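> Taken in order, the sequence shown gives residues 906 to 1179; the numbers are from our numbering.
Treat the hints as calculated values from the structure; they're not laboratory data.
In this text the structure is predicted, and so the values were computed from the model without any measurement.
The beta-carbon is built from N, C-alpha and C at its ideal position, and this holds for glycine as well.
Do not take every clue at face value.
Within a straight-line C-alpha distance of at most 20 angstroms, the following computed SDA-like cross-link-like pairs (lysine to any residue) qualify [to be verified]:
hint: 1; residue 1: K920; residue 2: F1073
hint: 2; residue 1: K967; residue 2: S916
hint: 3; residue 1: K1138; residue 2: K1161
hint: 4; residue 1: K954; residue 2: D1021
hint: 5; residue 1: K1089; residue 2: G1011
hint: 6; residue 1: K967; residue 2: S1010
hint: 7; residue 1: K1072; residue 2: I1008
hint: 8; residue 1: K1161; residue 2: K1089
hint: 9; residue 1: K911; residue 2: N974
hint: 10; residue 1: K921; residue 2: E960
hint: 11; residue 1: K920; residue 2: N935
hint: 12; residue 1: K1177; residue 2: F1165
hint: 13; residue 1: K921; residue 2: S998
hint: 14; residue 1: K1177; residue 2: L1106
hint: 15; residue 1: K967; residue 2: A943
hint: 16; residue 1: K921; residue 2: N941
hint: 17; residue 1: K954; residue 2: S916
hint: 18; residue 1: K1177; residue 2: T1166
Computed Cβ-Cβ distance ranges for the label pairs, DEER-style [to be verified]:
hint: 19; residue 1: G997; residue 2: F1073; range: 31 to 39 angstroms
hint: 20; residue 1: G1038; residue 2: K1161; range: 36 to 44 angstroms
hint: 21; residue 1: E999; residue 2: L966; range: 14 to 22 angstroms
hint: 22; residue 1: L966; residue 2: W1060; range: 24 to 32 angstroms
hint: 23; residue 1: N1134; residue 2: E937; range: 49 to 57 angstroms
hint: 24; residue 1: P1137; residue 2: W936; range: 38 to 46 angstroms
hint: 25; residue 1: K1161; residue 2: Q1122; range: 20 to 28 angstroms
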Amino acid sequence: MVGEQKVAISSRDLKKVALRWFFFQTSAWNWERMQNVAFVWSLLPVLKKLYQTKEDLVKALKRHIVFFNTEPTIGTPILGAVVAIERERAQGSEIPDETINAIKSGLMGPFAAIGDSLWASAANAILLSFAMGLALQGNLLGPIIHAVVWSALSWWLTITGVNLGYKFGVNISEAEFLTPETVKLITESVTILGLTVVGALSATFISISTPIQWTLQEKTTTLQSILDNMMPKFLPLLWVVLVWYLHQFRSWSIMKLLGFTILAGLIGSLIKIF
């Protein structure tokens, strides 16, 4: 029964949780409860160790099959904190289900805000800029470096996050790095960095020009030269703004935008305006 014996959680147990989450964080993702199945699957080795009877294990599984969704890499401290909380509960501490789920719910948003800005956007854009530069030069190391470095950093952040969350346990919501002021500062700072990187990427890798020209009084003028004098990379900027508008305000999907880009490039080249 719960509370009759002390069960130690080893670093190996935490590594099992991290490994499962690392490889299966979006498995069985669904619109109703999103990452809940992956969350339970990741905790399963620890829950089996903590709860010796089938009845207690079933209760623990039901406790965590509820809605869960956060940024998968930066949000890993939540898993570690839940492991520590479940350990305390299994050893007899009076921790209601509502308290556990409230801690999870309260942490999902802040970690998602930090993760989406810091990891999914800014860090990814910086790494992609380096890898894409190599790839555009015909260097096969471009995609290889991106895959290896991204995977290595993701794993390091995952295992570090799980261990950090386990260290804080039930007090993780009181951690200094999760205060509203800190989350807001990090989010705004990284958003600015991400936008700067995206702007640099757009100017570097988006190449749009027009061959339109006309002759007046035996002098040929090109539309591209006029645009360059007004603002270098003006057409790439217009294209980025158009894509952003369609995605942000018209809810176009990434695949739809990709198809639209290919079609626009094809038509533009055929009628010789691009």
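> It remains to establish, for every hint, whether it holds in the given structure.
Hint by hint, here is what the structure shows:
Restraint check for K920 and F1073: the C-alpha separation of about 17 angstroms stays at or below 20 angstroms, so the hint holds. Distance restraint check for K967 and S916: the Cα-Cα separation of roughly 25 angstroms exceeds the 20 angstroms cut-off, and the hinted pair is therefore not satisfied. The hinted pair formed by K1138 and K1161 fails the criterion: a straight-line CA distance of about 24 angstroms is larger than 20 angstroms. Between the alpha carbons of K954 and D1021 the distance comes to roughly 33 angstroms, so the proposed pair goes past 20 angstroms and is violated.
Pair hint K1089 plus G1011 holds up; C-alpha atoms about 15 angstroms apart against a cutoff of 20 angstroms. In summary, the hint linking K967 to S1010 is supported, as the alpha carbons are separated by about 16 angstroms, within the 20 angstroms threshold. Between K1072 and I1008 the CA atoms are separated by roughly 15 angstroms; this keeps the pair inside 20 angstroms, and the hint holds. Annotation: proposed proximity of K1161 to K1089 is violated, straight-line Cα distance about 32 angstroms (limit 20 angstroms).
A distance of roughly 31 angstroms separates the Cα atoms of K911 and N974; the hinted pair therefore is violated under the 20 angstroms criterion. Distance check on the hinted pair: K921 and E960 sit about 23 angstroms apart at the alpha-carbon level, beyond 20 angstroms; violated. The straight-line distance between the Cα atoms of K920 and N935 is roughly 26 angstroms, outside the 20 angstroms bound, and the hint therefore fails. With a C-alpha separation of about 18 angstroms, the suggested pair K1177 and F1165 falls inside the 20 angstroms cut-off, and the hint holds.
With a C-alpha separation of about 24 angstroms, the suggested pair K921 and S998 falls outside the 20 angstroms cut-off, and the hint is violated. About 26 angstroms separates the Cα atoms of K1177 and L1106, which puts this hinted pair outside 20 angstroms; it is violated. Using a Cα cut-off of 20 angstroms, the hinted pair K967 and A943 holds, with the two alpha carbons roughly 13 angstroms apart. For the suggested pair K921 and N941, the alpha carbons sit about 17 angstroms apart, so the restraint of at most 20 angstroms is met.
Note on K954 and S916: the hinted pairing holds, with a Cα-Cα distance of about 14 angstroms set against a maximum of 20 angstroms. With a CA separation close to 16 angstroms, the supplied pair K1177 and T1166 stays within the 20 angstroms bound. A beta carbon spacing of about 21 angstroms between G997 and F1073 contradicts the range 31 to 39 angstroms that was offered as a hint. Checking the proposed 36 to 44 angstroms range against G1038 and K1161 shows it is violated: the Cβ atoms sit about 27 angstroms from each other.
At roughly 20 angstroms, the beta carbons of E999 and L966 sit within the given window of 14 to 22 angstroms. As the Cβ distance of L966 to W1060 is approximately 26 angstroms, the hint placing it in 24 to 32 angstroms holds. A beta carbon spacing of about 55 angstroms between N1134 and E937 agrees with the range 49 to 57 angstroms that was offered as a hint. Taking the beta carbon of each, P1137 and W936 are about 44 angstroms apart, inside 38 to 46 angstroms as hinted.
K1161 and Q1122 have their C-beta atoms about 46 angstroms apart, which leaves the hinted 20 to 28 angstroms range violated.
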